[in-house]
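Chains as they are written, first to last, in our numbering: chain A, 4 to 474; chain B, 4 to 474.
These are calculated hints, taken from the structure and not from any lab test. Keep in mind that this is a model prediction, so the values were computed, not measured. The reader is advised that the hints may include incorrect statements.
You can't tell identical chains apart in this list, so a pair holds if it fits in one copy or across any two.
Each computed DMTMM-like pair below joins lysine to aspartate or glutamate, with the alpha-carbon atoms no more than 25 Å apart [what the hints assert, rightly or not]: (1) Lys302 - Asp394; (2) Lys453 - Asp132; (3) Lys302 - Asp289; (4) Lys453 - Glu306; (5) Lys453 - Asp10; (6) Lys453 - Asp85; (7) Lys453 - Asp49; (8) Lys302 - Asp451; (9) Lys302 - Asp16; (10) Lys302 - Asp312; (11) Lys453 - Glu438; (12) Lys453 - Asp5; (13) Lys302 - Glu231.
Take a look at the letters that make up each chain.
Protein chains: 2
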Amino acid sequence: MDALLTDIQAIVDPSGLIRGEAVGQRINDWLSGAPCRATAIVRPTDTQQLAAVMRCCHAAGQPVVTQGGMTGLVHGGQAGRDELVISLERMTAVETLDPLDGTLTVQAGAPLEIVQQAAASQGWHFPLDLGARGSCTIGGNISTNAGGNRVIRHGMMRQHVLGLEAVLADGTVISSLNRMLKNNAGYDVKQLFIGSEGTLGIVTRAVLRLQRPTTSENTALLAVPGFEALTSILNGLRQRLGANLTACEVMWQSHYRLLTEELGRHTPPLSADSPYYLLVEAQGIDQQHDEQLFSAALKDFFEAGWVSDAVMAHSGAQRQALWAIREDIEGLIQALRPLFAFDVSLPIGSMPGYVETLECELAAVRPGSRLVVFGHIGDGNLHLSINAGSDDADTRQAVERLVYGPLAALGGSVSAEHGIGLEKRDYLALCRSPEEIALMHTLKQALDPKGLLNRHKVLPFIACSRQEEST
Amino acid sequence: MDALLTDIQAIVDPSGLIRGEAVGQRINDWLSGAPCRATAIVRPTDTQQLAAVMRCCHAAGQPVVTQGGMTGLVHGGQAGRDELVISLERMTAVETLDPLDGTLTVQAGAPLEIVQQAAASQGWHFPLDLGARGSCTIGGNISTNAGGNRVIRHGMMRQHVLGLEAVLADGTVISSLNRMLKNNAGYDVKQLFIGSEGTLGIVTRAVLRLQRPTTSENTALLAVPGFEALTSILNGLRQRLGANLTACEVMWQSHYRLLTEELGRHTPPLSADSPYYLLVEAQGIDQQHDEQLFSAALKDFFEAGWVSDAVMAHSGAQRQALWAIREDIEGLIQALRPLFAFDVSLPIGSMPGYVETLECELAAVRPGSRLVVFGHIGDGNLHLSINAGSDDADTRQAVERLVYGPLAALGGSVSAEHGIGLEKRDYLALCRSPEEIALMHTLKQALDPKGLLNRHKVLPFIACSRQEEST
Numbered sequence: 004m005d006a007l008l009t010d011i012q013a014i015v016d017p018s019g020l021i022r023g024e025a026v027g028q029r030i031n032d033w034l035s036g037a038p039c040r041a042t043a044i045v046r047p048t049d050t051q052q053l054a055a056v057m058r059c060c061h062a063a064g065q066p067v068v069t070q071g072g073m074t075g076l077v078h079g080g081q082a083g084r085d086e087l088v089i090s091l092e093r094m095t096a097v098e099t100l101d102p103l104d105g106t107l108t109v110q111a112g113a114p115l116e117i118v119q120q121a122a123a124s125q126g127w128h129f130p131l132d133l134g135a136r137g138s139c140t141i142g143g144n145i146s147t148n149a150g151g152n153r154v155i156r157h158g159m160m161r162q163h164v165l166g167l168e169a170v171l172a173d174g175t176v177i178s179s180l181n182r183m184l185k186n187n188a189g190y191d192v193k194q195l196f197i198g199s200e201g202t203l204g205i206v207t208r209a210v211l212r213l214q215r216p217t218t219s220e221n222t223a224l225l226a227v228p229g230f231e232a233l234t235s236i237l238n239g240l241r242q243r244l245g246a247n248l249t250a251c252e253v254m255w256q257s258h259y260r261l262l263t264e265e266l267g268r269h270t271p272p273l274s275a276d277s278p279y280y281l282l283v284e285a286q287g288i289d290q291q292h293d294e295q296l297f298s299a300a301l302k303d304f305f306e307a308g309w310v311s312d313a314v315m316a317h318s319g320a321q322r323q324a325l326w327a328i329r330e331d332i333e334g335l336i337q338a339l340r341p342l343f344a345f346d347v348s349l350p351i352g353s354m355p356g357y358v359e360t361l362e363c364e365l366a367a368v369r370p371g372s373r374l375v376v377f378g379h380i381g382d383g384n385l386h387l388s389i390n391a392g393s394d395d396a397d398t399r400q401a402v403e404r405l406v407y408g409p410l411a412a413l414g415g416s417v418s419a420e421h422g423i424g425l426e427k428r429d430y431l432a433l434c435r436s437p438e439e440i441a442l443m444h445t446l447k448q449a450l451d452p453k454g455l456l457n458r459h460k461v462l463p464f465i466a467c468s469r470q471e472e473s474t
Numbered sequence: 004m005d006a007l008l009t010d011i012q013a014i015v016d017p018s019g020l021i022r023g024e025a026v027g028q029r030i031n032d033w034l035s036g037a038p039c040r041a042t043a044i045v046r047p048t049d050t051q052q053l054a055a056v057m058r059c060c061h062a063a064g065q066p067v068v069t070q071g072g073m074t075g076l077v078h079g080g081q082a083g084r085d086e087l088v089i090s091l092e093r094m095t096a097v098e099t100l101d102p103l104d105g106t107l108t109v110q111a112g113a114p115l116e117i118v119q120q121a122a123a124s125q126g127w128h129f130p131l132d133l134g135a136r137g138s139c140t141i142g143g144n145i146s147t148n149a150g151g152n153r154v155i156r157h158g159m160m161r162q163h164v165l166g167l168e169a170v171l172a173d174g175t176v177i178s179s180l181n182r183m184l185k186n187n188a189g190y191d192v193k194q195l196f197i198g199s200e201g202t203l204g205i206v207t208r209a210v211l212r213l214q215r216p217t218t219s220e221n222t223a224l225l226a227v228p229g230f231e232a233l234t235s236i237l238n239g240l241r242q243r244l245g246a247n248l249t250a251c252e253v254m255w256q257s258h259y260r261l262l263t264e265e266l267g268r269h270t271p272p273l274s275a276d277s278p279y280y281l282l283v284e285a286q287g288i289d290q291q292h293d294e295q296l297f298s299a300a301l302k303d304f305f306e307a308g309w310v311s312d313a314v315m316a317h318s319g320a321q322r323q324a325l326w327a328i329r330e331d332i333e334g335l336i337q338a339l340r341p342l343f344a345f346d347v348s349l350p351i352g353s354m355p356g357y358v359e360t361l362e363c364e365l366a367a368v369r370p371g372s373r374l375v376v377f378g379h380i381g382d383g384n385l386h387l388s389i390n391a392g393s394d395d396a397d398t399r400q401a402v403e404r405l406v407y408g409p410l411a412a413l414g415g416s417v418s419a420e421h422g423i424g425l426e427k428r429d430y431l432a433l434c435r436s437p438e439e440i441a442l443m444h445t446l447k448q449a450l451d452p453k454g455l456l457n458r459h460k461v462l463p464f465i466a467c468s469r470q471e472e473s474t
């Protein structure tokens with residue numbers, strides 16, 4: 004390893020290589036906050052440096068883990084003792100904005116929020132948005148195919164990537180920096196690197212598609228008396244707000260009541276006795292007219308009995324206060340510690356039955372358990388927060404089985420937007436067929452035959468146990 | 004071959020196998036109308052039959068070509084004498100529409116128009132649309148990542164596919180029929196089969212994402228005095244119509260004048276002396292308000308001097324009459340025979356210079372040549388129709404070089420939406436790097452090591468000439 008590190012240092016300069024105790028001052032994981040255990044952290048400043056580093060690593064058979072903003076939730080950026088971390092923290096440039104075609108070229112280490120601001124400063128809008136925007140990076144967003152709050156309108160990260168550049172395990176640079184909205188010239192190889200969590204290549208740069216900003220915003224919180232009413236509202240919103248509907252976030256009573264009345268972290272804008280709460284947002288280009296449409300829809304929903312109470316935001320502060328309830332992950336963690344957090348998708352119509360059954364089974368298997376539910380209902384995506392008394396391995400496994408078990412029969416997914424990483428690897432086969440997983444292995448084998456890139460992540464390896472991996 | 008065909012007939016029944024003279028009654032190619040030359044045409048009725056057929060073909064090393072509606076423009080469905088055609092014409096079922104999640108599951112042989120109608124009959128909308136809608140199939144749309152007229156609003160086919168099922172060269176069925184809007188569980192293997200033109204697998208079924216239908220429609224034809232005005236209008240439309248902007252189609256004067264004044268195929272709604280014409284369409288959910296927004300934008304564009312004359316459609320018939328000028332491919336073929344048709348993308352700002360240079364160079368290389376230009380300007384996509392006096396191989400090559408040559412430096416593409424097929428294979432390297440093409444070969448090798456699926460298409464094979472391929 005020493006000879007390899009000497010070679011790498013010659014490529015990236017001493018400032019590009021972190022060794023010894025300084026490595027442990029970094030985290031291994033956002034969730035645990037445990038110190039990084041890698042041998043060293045390599046910080047290239049450009050694609051050529053990274054390619055040279057990977058050529059050395061490939062020759063030496065040295066496994067690497069790529070790290071972005073380290074805000075992932077499935078241990079996808081976690082490194083073992085014998086691994087090198089590739090950090091893109093010195094590759095953060097926002098390179099070119101094309102104002103006519105509406106494209107933005109950036110280095111992969113650029114934080115999402117910086118990219119959003121760069122677009123906004125020139126009259127454009129980059130629509131991907133999530134809570135970790137200040138820390139998470141574009142490269143991480145690409146590698147995990149990030150979702151977030153505006154998917155119902157704008158899609159996930161995959162839809163925003165026109166082109167990208169990636170370094171393969173052997174140091175080959177795949178420069179696929181397409182800026183065209185339409186390009187059917189050959190296989191769309193960039194798709195390989197989107198959502199594959201750094202296991203097929205290291206994303207170094209990307210061309211992002213920008214949108215024109217909207218100028219109107221309407222936000223409301225609705226108290227909803229039942230699930231059928233909830234789906235009626237969802238259908239009504241799709242029909243009546245059309246493409247302006249940008250968010251449709253559900254909170255089960257468990258979530259709303261906990262964060263308002265119970266913990267007192269938020270003044271409840273509506274009483275906490277409804278079974279469901281819906282946070283609805285529409286963005287358009289004509290405030291007066293859009294507000295009329297929005298209010299008229301809510302009024303009709305109210306008259307139809309689908310909404311029992313509602314509050315509309317009349318200022319940015321009110322809007323933020325409504326979102327704060329939905330987004331108060333800190334409050335959830337604090338109240339439910341030790342917390343298991345899940346991110347699943349399933350058909351919307353199956354949601355109430357799924358949640359109800361889960362609640363019953365949790366109570367049977369781990370009496371006193373607590374289940375709190377919110378999610379992006381328009382996307383079929385629920386986030387489940389569970390306290391089952393303990394977070395030991397047995398409890399975790401028991402809870403995981405209850406959460407993931409029913410998804411296969413429902414045609415759902417064990418990961419809607421967080422990815423697989425290490426966290427869900429053993430459950431991948433629940434929602435992917437053996438043939439699909441075999442094909443994933445074929446791709447991994449074709450692109451990274453030595454298994455150097457983010458090894459053990461995403462794909463189940465039958466021969467290796469978790470213990471071996473964490474050395 | 005006879006033994007193989009006997010085995011295949013046992014799988015698909017006599018009705019599923021076409022042999023002998025009946026094969027030649029089918030076309031080999033939409034463009035030439037030449038008779039099909041394949042050994043036989045295999046028509047499975049379901050995925051299991053097709054898988055069994057491919058297991059036989061794989062064992063025998065038998066190459067196959069998959070055919071959908073045969074409306075492709077790059078010879079992607081053309082079969083050689085020693086190949087079998089796999090036709091999905093008996094796999095046309097529209098299977099399930101989920102009204103809550105908005106998904107539609109169909110067999111790959113279903114024609115696009117049938118799928119559009121199936122969605123509409125249950126209050127939904129499938130937004131992909133192109134001229135060949137009556138004949139082209141969903142499987143073909145997927146395999147070519149079809150574009151069409153509404154890409155600026157709805158994206159290409161890739162965006163509409165939630166899940167798919169495909170049969171690999173060895174008969175393995177990859178069932179990836181995801182119905183979730185969000186599913187980050189492992190590699191998104193379906194992407195491999197979208198836009199790879201049947202070279203990596205045979206798409207057999209798909210889950211499509213539906214949209215809510217719009218209820219308003221505004222269409223206008225604008226005469227535009229210059230290219231700068233054209234881009235100002237495009238930017239203005241994006242800003243003022245937001246997500247409602249569904250089409251922004253440009254016609255150079257060459258196109259508009261030919262099809263109206265010159266050929267007299269269409270009564271010119273505007274005089275034919277403007278350099279550019281823009282067909283603009285917006286779809287929304289509030290006819291009165293949307294029309295106000297639309298008219299107000301056009302009025303302001305007129306006052307800014309960006310529009311010299313305009314006509315708005317006030318009925319479905321008027322709307323169709325405007326679209327008919329833009330979509331009159333038959334007129335183009337008739338007037339420009341022998342015709343070379345091209346489909347390229349390039350940065351919008353580079354378009355006028357590119358077209359002007361091309362016109363000059365054509366005149367120099369093939370005096371008397373004629374160039375007619377239209378396209379989807381919002382997508383950066385131009386369609387070029389060229390008559391250069393002859394369609395012999397030398398002329399073709401000379402024209403191709405002029406059309407494709409400048410695209411590399413501009414960051415454009417030799418294929419925006421038609422694909423590569425055989426037609427553009429020799430030019431792929433103009434807009435893809437050697438590393439990208441090597442990666443495409445790696446994928447082909449990994450998924451179809453015997454090279455049985457739609458061989459010679461898409462990827463350049465240095466060792467084989469066109470003559471060898473057409474045996």
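Okay, which hints does this one fail, numbers in order? 1, 2, 4, 8, 9
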